[in-house]
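Novice: One line per chain: the protein sequences are A and B, in this order. Taken in order, the first sequence gives residues 1 to 306; the numbers are from my numbering. Taken in order, the second sequence gives residues 1 to 306; the numbers are from my numbering.
These are computed hints drawn from the structure, not numbers from a lab. Every clue listed holds true.
So these bits of chain B aren't anywhere near chain A, every CB distance computed over 12 Å: (1) S2; (2) A81; (3) D137; (4) P147.
If you anchor each label on the Cβ, the simulated ranges turn out as follows: (5) A40/A x S222/B: 49 to 59 Å; (6) K132/A x R162/B: 36 to 46 Å; (7) A110/B x A247/A: 40 to 50 Å; (8) R162/B x A176/A: 28 to 38 Å; (9) R245/A x T208/B: 12 to 22 Å.
Partial pick of chain B residues on the chain A-facing surface, computed with a CB cut under 10 Å: (10) D198; (11) A204; (12) H246.
Bear in mind the structure is a predicted one, so any value in this text is a computation, not a measurement. By construction, the Cβ of each residue, glycine as well, lies at the ideal position given by its N, Cα and C atoms.
2 protein chains.
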Amino acid sequence: MSVVDRIANGSGEFLLFALTPPRSTSAGDRAQEIADATLARLRPLHLDGLVLYDIADEAARNPAERPFPFMPTLDPAAFLADNLASWSAPAIVYRAVGKYSSAELRTWFAAQDRARVMTVLVGAASRDSRPKTSLADALALSREANPDLLVGGVAIPERHRRRDDEHVRLLAKQAAGTRFFVTQVVYDINAAKDLVSDYRYASAERGTPAAPIVFTFSVCGSMRTLEFLRWLGVDVPRWIENDLRHAADTLEASYRLALTTATDLIAYCRRLGVPFGINVESVSIRRVEIEMAVRLAQQVGEQLRR
Amino acid sequence: MSVVDRIANGSGEFLLFALTPPRSTSAGDRAQEIADATLARLRPLHLDGLVLYDIADEAARNPAERPFPFMPTLDPAAFLADNLASWSAPAIVYRAVGKYSSAELRTWFAAQDRARVMTVLVGAASRDSRPKTSLADALALSREANPDLLVGGVAIPERHRRRDDEHVRLLAKQAAGTRFFVTQVVYDINAAKDLVSDYRYASAERGTPAAPIVFTFSVCGSMRTLEFLRWLGVDVPRWIENDLRHAADTLEASYRLALTTATDLIAYCRRLGVPFGINVESVSIRRVEIEMAVRLAQQVGEQLRR
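The following block holds chain A by itself, in its conformation from the complex (with noise of 0.2 Å):
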């Protein structure tokens, strides 16, 4: 079954792999070349489906400074539709929805082909900045221009940790519309079970059926890369952090972490009964971190074919 068919019918059990796009100095043939690299890694994982990024410069959503230099990334509709041509499966286009004009967005919504194309929609990255359109206006939008559209939102546990209300968020999101919700990368297993577990009752409670949640992992190779995940916003526990810092090998420690947490949450959500899939990214573009992502991919598509 498509992965758009399983969200369509609140199913779950799929396996995504996120890409952020090239940068846009690589526009022409570096971005296929990277593409087809990609798409020849990918390939032995028998994903559902792609998951593409779009990269906002978040500088204001977080003063600190950031760990790698924000570098403009390539459109991931256009990479979608000039680069992989030849991704038979459906992907998942984010869309930072305060980048673009509502006619934009109008024109891209109707565009899409339902059973290739899912979004998700993104709203600004802090109240100060002044988004072209609101994540409201976006939503409103997709259904106005295709309302066959699949659209999801983002789930965020770190701010259930904090303010214990995203489940009430998500609900509001999807009696909006939305359909599905997409986490960032989870280190912190209790955040994602509380958010999970709230949410599920909360549904139960409402009569409405549980829309799938896609968590996302990555593995984590270096020091430099877990102060990336924190700057982004991922709460790593201090252990966690303790475990990597003195692994002989952090990489593979990570990605030992990243399964047991997989494995762990898998389970949750099979006893809870709450439809979800998992998303696999390379926070870094370090090709040994790309391999363990994918290695990791791997291991977690073998237990949701179980």
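Add chain B to chain A, keeping to what the hints say.
Specialist: Structure of chain B alone, referenced to chain A:
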């Protein structure tokens, strides 16, 4: 090897069961009946030792209403001497030091046989209370009166979560003569792992061997017991609360959660090379909860003998 030797040489891997002495009103024959019934129940567990709590009225610590009313209990030292004569393994007797004068503590320390008794010294429940003896003074007294006596302290992962310095407190207590630590009931595994990890690496940095940390586990048969755990200062993650609230059998669900957490923590401590013990208690005095705590101790014991 006796648990006294295991603590003295820092080798860990022991199993304890904690008891709250009977109410003061049960002194005499009733206390003896309770002691005999308890020892009969615990005999099949092949415990390495007993823990005997010294209950103080902690109203000063927590202004919220106590879910179960405070009942004065027998002095654990008296309960051990008077009613647990048939217990042949060592016992760890708690001393809420603020309740006793220096003279009382000195006399008690001096009278203890190191091979049979260890103690855990607990400071006053609140800064507002007026302790008869301070924790630092009690520790100094124990060294003076009976230098061979093994003295432990409390370790609070919840405090580490909030202040990030509990490992520094443990190192300071250790420098003052504390030979082992006992936690309160563990429900938040990340808090426990954070503490043991920070403690392990800080010990290595100072070149001091890590002292055994005893992790306490319990079961929870009702939302009232859960409320009491929270009142005592135990952090119970939301998802665990939800699981217990919605379980067909709360007690059985809590048993499974505690066993999973203990199993995870045992593997973690072994991997880190930190000596540890496991302590099981029944927070409630309901018979079914006590029996489930015994079952938990039995299962954990099998893991420790592996």
